[in-house]
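Undergrad: Residues per chain are reported as follows:
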Amino acid sequence: MSVAASFGLAYGAFVALALAMERHQEQIAGRRLGVWASRAWRCGGIVLLGSSLAVCLMQALPSMAVTVWLGLLSLAALALALSFTYRPAWVRLTAALSTLLACLAWLLSS
Amino acid sequence: MTDSAGLRATAGFRSFQKPSRYALLVASRAFIAIAGGYALSCAVAAASAVALAATGMPRADAAMAATMLAFSAHALAAMWAFGCATVRRAAAWVLIPAAMLALAAWLSGVGLTGVAGLAGVAGLAGIES
Amino acid sequence: MRPDGRPEGIRQSMSWLHTWSGLLLGWLLYAVFFTGTLSYFRAEIDQWMRPELHRSVPDAQTLERSLETMARLAPGAQSWSLTLPGARRSAVEASWREPGAAQGRAGVKRAFLDAGTGQPIEVRETRGGSFLYRFHFELYAMPRIWGRWIVGVATMMMFVALLSGIVTHRKIFTDFFTFRPRKGQRSWLDAHNATAVLGLPFHLMITFSGLLLFMFQLMPWGVDAVYDGDRRAYQTEVRGGQVAAAAASVPRPTGRRSAEPRAAETVTSEIVPVAPLVEAARQQWPEYGVGGVTVSSPGRPEATIELREGGGVSLADRGRARRIVHDGLTGARIDGPAETASSAVRASYNVLTSAHLGRFSGPALRWLLFLSGLMGTAMVATGLVLWVVKRLPERRKLGRTPFGHRLVEHLNVGLIAGLSIATAAYFWLNRLLPASLEGRADWEIRGFFIVWLLCLIHPLFRRPRPAWREQFMMAALLFAGLPLLNPMTGGVSLAASLAHRQWSLAGFDLAMLALAALHGAIAWWLGRAVVAQGRARPGSGRLAMVHAPQAPERMP
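Protein chains in written order, with the working numbering: chain R, 1 to 110; chain Y, 1 to 129; chain V, 1 to 556.
Quick caveat, the hints were computed from the structure, so don't treat them as lab data. Possibly wrong hints are sitting among the right ones.
[Said to hold, decoys possible] Derived DEER-like restraints, expressed as beta-carbon distance ranges:
hint, chain 1, residue 1, chain 2, residue 2, range
1, R, Leu93, Y, Gly56, 20 to 26 Å
2, R, Ala40, Y, Arg21, 54 to 60 Å
3, R, Ala40, V, Leu510, 58 to 64 Å
4, V, Arg170, R, Gly50, 27 to 33 Å
5, V, Phe403, Y, Arg21, 19 to 25 Å
6, V, Ile166, R, Arg42, 41 to 47 Å
7, V, Arg170, Y, Ser72, 20 to 26 Å
8, R, Val35, V, Pro7, 34 to 40 Å
9, V, Phe403, R, Ala54, 55 to 61 Å
10, V, Glu68, R, Leu93, 46 to 52 Å
11, R, Ile46, V, Asp228, 35 to 41 Å
12, V, Arg186, R, Cys103, 24 to 30 Å
A virtual CB, placed ideally from N, CA and C, is assigned to each residue, including glycine.
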């Protein structure tokens, strides 16, 4: 459960970080975002990454938690890269869903 | 980019009369990276193990940390051997520290004449280009 | 490096270094990654390749029955060690050491016990997943030291390739989520970049820890410098307080426990009932339960019972399973000396190497390591293919294919696609070779290499693209056939293993189907591109891989 939550948050985090990148803004938001919006998304992405790590840390000892978290990051980033290539229109929806579901999963399990 | 490099290397290989300058350059940098790098990493391992143990770190930790440093040093030496502007500079940057560290380790009581010898041989051969 | 030897920028020189350090031993690295990734599921492969064990179904009395059998099989043994069934295995693996047995692995006897009846099961002779695991770092058919040196050198080259790749990758953040298919060379570069960068923590960890695991062979000078060559002292000191605790439970073959024959001594004392001890341990270890039990000096007054957790909770502790030791007669707990915390340096080593080995990992971490390993395997493969694809424009300009290019192209097919076929063939041979055949374990392995060799010869007679397609089709067929072959040759079918929740067996069959799908998809994709040949202009897209019909293309 916490693994799924951590993954969902990581995926959401990466979408937020992608929104801070010019290349992907068109794909997700349909337009270019301003400097401040990009910065805001970058901060949000980092916060979500942190919470993804926190979820892992609450369930396991640090060495195990960080290792699992890094593995989940790779998976989430790969999932997003493939989404951008094959289903860019779904990215917004999947990001919102995954972040929400992750929060839900975490709340239910704690 | 250097896509044609592979092609030229093949062309250079074909003329068995005399190895092309390119092949010689590659060979000397490779020698510095592989043999020189290994000599450097052995010297780093020995010298840093002794140095770390002298600062009070437990022996086992010093040995382990030194080994980790040594592997990193080898990789960095290989990158340096090929990243340096000239072969001469690459040889100097890799082999002189190797010799110095080997000497330092040897002087502190560790028998590493083999490493020092290897570094010396590598130095003599590598500067030849 | 420029042909004229003039200086160039750091990105260019690192690009050259990355290409050559990757290419020279690239095929070996592919095989190392491939077999290493499979080795994360070594226990599952071992189990699938011994169909005699498939019908073993564990229940609550498994441990009691096994201990009774051990009392029958090895009454005077120095110790009994049982690995209990769980998610990864369905039979009990027993090992024991007779009195007066040889030191080390030679003195250990093994047997498989049925979890339902407790009886020993006669299994076919096979190296199982251990062949793939050992090949991963020792290769085969050569002295162990040579194999380890070769793999060690390849690992250092991999490390250099990784670091130079990072330096040379100009747009590492911009291209983070970028994969553009159907653009020929660009797509291959994107795929190589994506699999490399997205799995970078894993790749760096696996490579560096691979070097560390070989440190006594590759770089013993650090230890030798401070210990004056006394490596045993290093081993002792590095374990710290853990040495004493281990000695209390498992008799080490160092003469600590008397190895003289005790055959004459009758078993006088009964062992204390183990079930309540196991139950108490399960309460303490809710995540993994009890994975194994070791009884030392069974039946004698000094007997001890050690229970091992079924998984590791911390990598900083070498990923070790936690242990509880009980007195064999009274059942009282024996507390070992307090475990000393690892220093930062030691913890780093432990985390890196435990993550590499993945022993005692739970399912989540194991699957993540496996998937990361797949990414690494794809990284090496895409790199090797990219080398060929990048040089196609040159070949067209030259009007012919230089020997080196043709060689790499040829080796790519046989060594990359061929490895999949050889692995599937290994599993097929495990079932097709008669169970009673003399030396069948060696024949399974020989078959693996023979098939791999045939895959190397096949591209000699085909153009590259059809060769790739045919080999991937072959691999897909072979993998898909395995879940069908399984029940026909003594194993438990996928439906049955799912119904009985034998996840290890079901997982193997499902993984084979997934691999079949993957290889089939690649073969289909390779075939589809040929159809599109007529529409696109030459030199663009995936067609970069299809050769223009020029007479001198074939290998002489």
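Undergrad: Take a look at whether the Cβ-Cβ distance between phenylalanine 403 (chain V) and alanine 54 (chain R) falls inside 55 to 61 Å.
TA: 56 Å, holds
Undergrad: Quick check on a hinted range of 19 to 25 Å for phenylalanine 403 (chain V) and arginine 21 (chain Y), using CB atoms only.
TA: 22 Å Cβ-Cβ, so the 19 to 25 Å window holds.
Undergrad: I want to verify a distance hint. Is the separation of the beta carbons of arginine 170 (chain V) and glycine 50 (chain R) within 27 to 33 Å?
TA: Since the Cβ atoms of arginine 170 (chain V) and glycine 50 (chain R) sit about 28 Å apart, the hinted range of 27 to 33 Å holds.
Undergrad: Is 46 to 52 Å right for how far apart the beta carbons of glutamate 68 (chain V) and leucine 93 (chain R) are?
TA: About 59 Å separates the Cβ atoms of glutamate 68 (chain V) and leucine 93 (chain R), which means 46 to 52 Å is violated.
Undergrad: For leucine 93 (chain R) and glycine 56 (chain Y), compare the CB-CB distance with the range 20 to 26 Å and indicate the outcome.
TA: The hinted range 20 to 26 Å is violated for leucine 93 (chain R) and glycine 56 (chain Y), with Cβ atoms some 58 Å apart.
Undergrad: Does the hinted range 58 to 64 Å hold for alanine 40 (chain R) and leucine 510 (chain V) at CB?
TA: Because 43 Å falls outside the window, the suggested range is violated.
Undergrad: Does 24 to 30 Å hold as the CB distance between arginine 186 (chain V) and cysteine 103 (chain R), or does it fail?
TA: At roughly 38 Å between Cβ atoms, cysteine 103 (chain R) and arginine 186 (chain V) fall outside 24 to 30 Å, so the hint is violated.
Undergrad: Given a hinted range of 54 to 60 Å, is it respected by the beta-carbon distance of alanine 40 (chain R) and arginine 21 (chain Y)?
TA: For arginine 21 (chain Y) against alanine 40 (chain R), whose Cβ atoms are near 56 Å apart, the range 54 to 60 Å holds.
Undergrad: May I ask you to test the hint 41 to 47 Å on the CB atoms belonging to isoleucine 166 (chain V) and arginine 42 (chain R)?
TA: 22 Å, violated
Undergrad: For the hint 20 to 26 Å, verify it against the beta carbon of arginine 170 (chain V) and that of serine 72 (chain Y).
TA: 24 Å, holds
Undergrad: Per the hint of 35 to 41 Å, is the separation of the Cβ atoms of isoleucine 46 (chain R) and aspartate 228 (chain V) within bounds?
TA: Since the Cβ atoms of isoleucine 46 (chain R) and aspartate 228 (chain V) sit about 50 Å apart, the hinted range of 35 to 41 Å is violated.
Undergrad: Take a look at whether the Cβ-Cβ distance between valine 35 (chain R) and proline 7 (chain V) falls inside 34 to 40 Å.
TA: 38 Å, holds
Of the hints listed earlier, those the structure fails to meet are numbers 1, 3, 6, 10, 11 and 12, in rising order.
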